[in-house]
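Asks: Sequence:
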Amino acid sequence: MLKLYNIMETDSAPRKGSALQLVKDLLILSRFHKYNPWLATFSGVWATLLAGASKITANPTTISPNYILQQALLCFLCAYIFCGAGMVWNDWVDRNVDKNVARTKNRPVAAGRVTATQAFIWMLVQFAASWWLMEIMLEGHDVAAAMIPVTISTILYPYGKRQFFRRLYIYPQYFLGFTLAWPSAIGWMAIKGREIPVTQSIAESLPLAITVFAWTLYLNTAYSYQDIVDDSKMNVNSAYVLAGSRIHSFLIVLAILVLGSVYLQLRAQNSVWLWASWMCVWALSFLHQLLRFDAKKPESGGPLHKENFALGLWTIVACVVELGLTSGKMDQLLDNLHLRLSDIL
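At position 329 of the sequence shown (counting the first as 1) the number is 569 in the working numbering, and the numbers step up by one without a gap.
A few of these clues could be false.
DEER-style ranges, computed between Cβ atoms [stated by the list, open to error]:
#, residue 1, residue 2, range
1, L260, T357, 16 to 24 angstroms
2, A523, K274, 21 to 29 angstroms
3, L565, V263, 20 to 28 angstroms
4, N299, Y503, 37 to 45 angstroms
5, A356, K274, 16 to 24 angstroms
6, V263, G568, 40 to 48 angstroms
7, S540, T439, 20 to 28 angstroms
8, N276, S489, 44 to 52 angstroms
9, E379, N276, 28 to 36 angstroms
Straight line, CA to CA, 20 angstroms or less: simulated PhoX-like cross-link-like pairs of lysine-lysine [unchecked claim]:
#, residue 1, residue 2
10, K537, K274
11, K432, K339
12, K345, K274
Derived from the structure by calculation, the hints contain no laboratory data.
We treat Cβ as the ideally placed atom computed from N, Cα and C, and that holds for glycine.
Given the sequences, and given the hints that come with them, work out the whole structure.
Replies: Now the structure itself:
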């Protein structure tokens, strides 16, 4: 799979009339050759596993670990594909801006390898697929309530870079943060949606949503800071504009907010394992990241993005282990997880 991704990344020369080249460019357009779409899956998968562990603790006979893993997998696929649609929408809206930014000028739409019409159709296909998966996961209940908020925030995200929102002190990271945080409510609904109203699912998953919202502001602000030279020339709106010369202090405040929200979530879970594997690991990682970030070197923000992706993957593992510990079926759980992942890959 990594070999395929490398081919997709480097083979960008357009070949007129090549269907294979178009498919590659559409996948690149959705960022499926990169780790970015995984970031959209984390909060939903974490929430599904945490809600499942919580439900098993309260009443072990009402739900099975296999069902929880199934719902987590559906949540992952739905978020992954939806994120692909969102990436296409972002590039479709920003196609003229991207042509003038060094980091984005070679994206398929900006470079002319994919037409605006082709991109728009591809986006609709992915959106329809994610809606269909949501129907399956929620068994037809409250699907619109789950999909509409995140769809609206995704639509608004690229426009958040415009000066209109800057005058309102609204930055694109706010929309992105909501988009990545909202699946925490969806993950909760995937486990408890048949028993409690949507508003209660939102309330119970709120600490996790705040965690992901603040975490997204943190990692995206650091990542976007790489473009400060080009963005300043075009007067692009971004959260680091709010931070100004205090960008490093701003990131420290966001990291503290993230850890504070994690504390609230883990206090509700009451798990020694999660305190060690989540809170301690994240705190040490943030300390390491912030010591390395240099406001005078914008490129130093890039590695922070990748390290936080690794944190997200690790936290999925931690939540799976928590589910296994709660259910008392760790070996069986890991075997089933391996089988499900093997079916996908």
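Asks: Now, for every hint given, state plainly whether the structure supports it.
Replies: Now for the hints, and whether the structure bears them out:
One distance hint, 16 to 24 angstroms for the beta-carbon pair L260 and T357, holds here, with the actual separation near 19 angstroms. Separated by about 27 angstroms at the C-beta atoms, A523 and K274 satisfy the suggested range of 21 to 29 angstroms. For the hinted restraint 20 to 28 angstroms between L565 and V263, the CB-CB distance of approximately 43 angstroms leaves it violated. Evaluation of the 37 to 45 angstroms hint for N299 and Y503 yields a failure: the beta carbon distance comes to about 26 angstroms.
Checked against the given bound of 16 to 24 angstroms, the beta carbons of A356 and K274, roughly 22 angstroms apart, stay inside it. At about 46 angstroms, the CB distance of V263 to G568 agrees with the hint of 40 to 48 angstroms. For the hinted restraint 20 to 28 angstroms between S540 and T439, the CB-CB distance of approximately 42 angstroms leaves it violated. The hint said 44 to 52 angstroms for the Cβ distance between N276 and S489, and at roughly 27 angstroms that hint is violated.
With their beta carbons about 30 angstroms apart, E379 and N276 fall inside the hinted range of 28 to 36 angstroms. This hinted pair does not check out: K537 and K274 have alpha carbons roughly 24 angstroms apart, beyond 20 angstroms. This hinted pair does not check out: K432 and K339 have alpha carbons roughly 45 angstroms apart, beyond 20 angstroms. For the proposed pair K345 and K274, the alpha carbon gap of about 17 angstroms is at most 20 angstroms, so the pair holds.
When each numbered hint is compared with the structure, violations occur for hints 3, 4, 7, 8, 10 and 11.
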